[in-house]
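2 protein chains.
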Amino acid sequence: MVAECRETRARAGLLHTPHGTVETPVFMPVGTQATVKGLTARDLAEDLDVRILLANTYHLYLRPGPDLIREMGGLHRFMSWPNAILTDSGGYQVFSLSGLRKITDDGVRFQSHLNGDSHTFTPESTVDAQLAFGSDILMALDECPEYPASHEYARESMRRTLRWARQAAEHHRRRLQESPTRHALFPIVQGSMYRDLRRECAAALLDLDADGYAIGGLSVGEPRPLSMEMVEASEDILPRSRPRYAMGVGMPAELPEYVARGVDMMDCVLPTRNARNGCLFTSQGRVVIKHARYRDDPRPLDETCQCYTCRKYSRAYLRHLFQAGEILYAVLATRHNIQRYLDIMREIRHAIISNRYPEYLRTVRLASSDAA
Amino acid sequence: MVAECRETRARAGLLHTPHGTVETPVFMPVGTQATVKGLTARDLAEDLDVRILLANTYHLYLRPGPDLIREMGGLHRFMSWPNAILTDSGGYQVFSLSGLRKITDDGVRFQSHLNGDSHTFTPESTVDAQLAFGSDILMALDECPEYPASHEYARESMRRTLRWARQAAEHHRRRLQESPTRHALFPIVQGSMYRDLRRECAAALLDLDADGYAIGGLSVGEPRPLSMEMVEASEDILPRSRPRYAMGVGMPAELPEYVARGVDMMDCVLPTRNARNGCLFTSQGRVVIKHARYRDDPRPLDETCQCYTCRKYSRAYLRHLFQAGEILYAVLATRHNIQRYLDIMREIRHAIISNRYPEYLRTVRLASSDAA
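Same order as they appear, the protein sequences are chains A and B. Numbers given in the working numbering equal positions in the first sequence, counted from 1, plus 11. Numbers given in the working numbering equal positions in the second sequence, counted from 1, plus 11.
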């Protein structure tokens, strides 16, 4: 731990991985299919200074497959990525993307969204897949229930996730005895939107003495105050000495809120997906680039931003590229939105370390309510 | 002129533009809509060392329009491009892309392929559009007849192109008296696949004392020996002291052939379009990246290539990106194919200057017949 806020639960720390040390709180860009869409490793590592990114086990398991990735020297080498990689467990994508799926106590059987082939994920097999990738941080298989879920179903599901987490941890321990490299495994707190289930889950996971803990099952359609409440319910149980990762969040204005609730790590497709869809985040709010008002706007997207896009190109040019369906639009927009997210995280960390996080939080809340 | 081959018509020279000096023979990547698809200005200017690129007047005239581009400070500033730009006349695209079109002696009336709106290009209006773009090298409006064309139609069409070239030159002269900047204007030799018409056209264009001369109407479906013959027919009439530009060519193996026939400048969508379609050019021949044989191929596309793609990524990774439909595939493939074209041009220029172009030509012809 580098610094802690005295009023909120915000912390600044360092996360050590086999591929470098990561300053926390951190936002991890999403590189679903072994690529952050449109960006080279150099764009990400050198220009944007991304220290950790997330890749999706479900997608990479289906294509190109863990065996090929291992054969090619692991995911870092395959995608020419020098810094850390966290892979998810595949659970969330099985529940959101695949067709027919059947959950048993052993795991989940599902059909590939690519070709309909049947596959099974077990707590053990997803650890093996992630070890084949050579991820720095692995996630344990979890079930991510739909929202809303009944208390009864949510409890049953959470307890299954808990059993899976124990199996994954056991299997991971055995595998690491065979291999010298250090790969962390995080179990995932579930429990739908029930405070008691979240607390039961978090408390039970402590037994695993894990390298870090994730809070999953958020951003599944619930109102945002409820997501925050679920983080609060879990967080104060989790050990202070370990990183906490809120999965799949959030909007720019939400990042400081999660951090204020003790979250150290976040990931989300928003900055990258929204970029491609024409929604750009700036220090002055959102820019929907297709709007006619940007047609002849010679200003950069964000005058205070130091990204390549803002240093070199105008809103008018970006709008032209967007309207023309040009690939370069996606490339430039993605660069900018990631820069914006990382800038927010740098502001957050700096505010925590300089002991003025509560003040920072008030300022961003005010700006965000003005914008709304 | 820097050097001339003693046996062939190949020459090495320098082309001076308001945006830098360009070593010739040169290949110009195509940036149709004010972007070489997928690449930033930095990728092109700094990594690939592109000194001149081509943009399409037809596309930019329709979207975003010459007025907007002028208002944004011209095409260089709009697309953040520091080096030279050549724009075509729009003629070729009117004939290949637009719907209904009607040629009169005054110009050509056509419907936009974007929304069906009617527009007219005249020799004067396309000069004005290109001046609004601020192109370093403008092309005079020409008619590009389909192949095959009757001798009668080809003659009529060529003479119209000739009249248009005179009108464009006259208009360009008047405009340059109003504006201090130096923008070159090249007229275009036409004449379909008739040697006598090509010679008549080239000879008549000499009167214009133009900054350079283009040879158009190639790559319209004719057999390749015929294209070469048409270049030969025109070239020995054109002044030695001016650059000659063969429009819309060619395949990698054809580049040295055009140069051997006295061509100094070329452009083609092949390296960029083929890249996106999965066809990559290497020093060892073509790589069709979707082939299963590349699935687990850890080698770079081309072991002798110094491009970013070849220095950082394997064929297996590129194939994965291609199969997954990832944007990064187009970005990396385009970088490589442009590098390959520019490497060939550097080899060509070096061979001319070091007085061994005939030997170089024999070697590449042999390699190309082996590959075929």
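These aren't lab readings, by the way, just hints derived from the structure by calculation. Do not take every clue at face value.
Treat identical chains as interchangeable: a pair holds within one or across any two.
Taking lysine-lysine and the DSS-like style, the derived pairs with C-alpha atoms no more than 30 Å apart in a straight line are [what the hints assert, rightly or not]:
hint : residue 1 : residue 2
1    : K323      : K113
2    : K48       : K323
3    : K301      : K113
4    : K323      : K301
5    : K301      : K48
Exercise. What are the numbers of the hints the structure violates, in ascending order?
Worked result: 1 and 3
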